[in-house]
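Here's the letter readout for the chains.
Protein chains: 2
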Amino acid sequence: MEKIRIGIVGYGNIGRGVECAIARNEDMELKAVFTRREPESVTIKTEGVKVVHMDDMLSMKDDIDVMVLCGGSATDLPVMGPEIAANFNIIDSFDTHARIPEYFANVDKAAKEGKNIGIISVGWDPGMFSLNRLYAEAILPQGSTYTFWGKGVSQGHSDAIRRIEGVKNAIQYTVPVEKAVECVRSGSEPELTTRDKHLRECYVVPEEGADLKAIEEAIKTMPNYFDEYDTTVTFITEEELKAEHSKMPHGGFVIRSGETGTERNRHIIEYSLKLDSNPEFTGSVLICYARAAYRLSKAGESGARSVFDIAPAMLSMKTAEELRAQIL
Amino acid sequence: MEKIRIGIVGYGNIGRGVECAIARNEDMELKAVFTRREPESVTIKTEGVKVVHMDDMLSMKDDIDVMVLCGGSATDLPVMGPEIAANFNIIDSFDTHARIPEYFANVDKAAKEGKNIGIISVGWDPGMFSLNRLYAEAILPQGSTYTFWGKGVSQGHSDAIRRIEGVKNAIQYTVPVEKAVECVRSGSEPELTTRDKHLRECYVVPEEGADLKAIEEAIKTMPNYFDEYDTTVTFITEEELKAEHSKMPHGGFVIRSGETGTERNRHIIEYSLKLDSNPEFTGSVLICYARAAYRLSKAGESGARSVFDIAPAMLSMKTAEELRAQIL
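Residue numbers (my numbering), protein chains in the order written: chain A, 1 to 328; chain B, 1 to 328.
By construction, these hints were calculated from the structure, which means they are not laboratory data. Some hints here could point you the wrong way.
[To be verified] Under the rule of at most 27 Å between Cα atoms (straight-line distance), these lysine-lysine pairs were calculated in the DSSO-like manner: (1) K112/A to K50/B; (2) K318/B to K318/A; (3) K109/A to K112/B; (4) K112/A to K318/B; (5) K247/B to K45/B.
[Unchecked claim] Per the computed footprint, the stretches of chain A lying under chain B, defined by three or more beta-carbons under 8 Å from a beta-carbon of chain B, are: (6) 89-102; (7) 225-231; (8) 254-268.
[Claimed, not checked] Label-pair distances were calculated between CB atoms; the ranges are: (9) E102/B to E38/A: 47 to 55 Å; (10) D27/A to P190/B: 39 to 47 Å; (11) S59/A to K298/B: 42 to 50 Å.
Bear in mind that the values here come from a model prediction, so they are computed numbers and not experimental data. The beta-carbon is built from N, C-alpha and C at its ideal position, and this holds for glycine as well.
Starting from the given sequences, assemble the full structure and let the hints guide the process.
Spelled out as structure tokens, the structure:
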């Protein structure tokens, strides 16, 4: 079997997650990892695979079928996405929801010019959660959709705490409010405020002699990040942080509650994820869609796509016949 | 807005469910109901819509965009599917899993000759459950998938009980075993027998003077239907049956538990449905896929498809731009 040759661009948490996923998909092969750092300084898990500087990417134009972009959505992807899509098929997990239309347009233009495929915003949210919002809303046009996240680490919120004076290290968990989830599951279609839906649990390692009261106050009143939530702050040691908070679990629920017919019949559609490792799961989803990008490109298609545009069969290693016979 | 003109073929439970779904989708219009009975004898819910004999279907070739076939999978659809696909775009909920490959091939041939689209096996299982098996398995190639059905009425099992001597009426519920579901959710990937996964609850109205012991014995030992399950039999009156068992609720769970990476990280993907009305929900899914069939046909495509082949965006009333901006 000819393998699909993957390049990983950016070797952080997601990049390592993608590397793990490639090893578990026998039709995939990691061809190179691209980095902005000195290639010699980057050691990767997979033996015998090159680490290449990003500036030398084009030298591998004929050796890579799909580039999986693992940069950040704030500043990396808006530049890298269109740039790389001009020369390679790409997949990314762009997750700044508000800027998706603009990013899609930019990737679309570059990918079409380069005759490549670019599938953007792949992962679990955006990604699998988006798909489930779409399917559920299409099936039940009259109803309400609720998305709950957690329990899981929010990198953005953890970073925000770390910027507070007197904070040495910190981690923040987003936690869905069980009562709200149960209320949604009951089918009552409640109106829920931000505060009703999620709690924020913060574990903070203070600098020696820091003003703990001031730190707690600074967190709880931080606009956008914490002020609209019920937030708990627990001070711990660096050792406790390492021992108990070094995994990256996450998950959540998409629930749609809707009505059909004329006798008020109600239906609940629920999709949930419980993930030991957010980056490994995200990497696994990215690799499925890399398979789809490869197939679409082979079929002569080009331009940007989202998960909404990809027929499910494209994601599977199995043939259409096998899928129909085994799991339809 | 030009509406998508739907024909319903067969006016049983599913046909009525489809009728309800059309009324809740503003881009859809019910054009006619086709029946094998005398059209005058069939009264439908929607005002001003024709009931037409199946033999006169071709007279409406230019008036219908998609035919939703609501016949049974055992004998109706294998004949009707290919026959009607030769002249119309069709959607059906063919659910004899073992015969899907053969049925797909027959519909494919007829639909291609007629330049139509035929989307087969649409509903929730096969249908939404199949999709979730595919997505979850593609994301986590190393793992196990479990499907649980219920609590819900099994028409086939209810019919089997009604054929027993001394039984006047009966209804059978398939019930997932809570302990098994919890075990699967824990990620332990248990091996489960048929008996471990589901219970069968039977509510039976006996004929006057019938031998209750004999009925119970006949049910519990019935091969294929009940002998491999833990089965309970409760005798009730016709009035109780009407009052407490006339709704058609159903639902179930698709759960995949799988591993990623090298540190045994585990992930649980769960999709669940809790349905007040099985036929109304199935009808709602069929109507989404009727929209996709219409769009594919307009785009010049033809042949058979399953839910695996349909890009999710095809199902939604929203445009690709709206979907990306609002729910990606």
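Give me the numbers of the hints this structure contradicts, sorted from smallest to largest.
1, 2, 3, 7, 9 and 10
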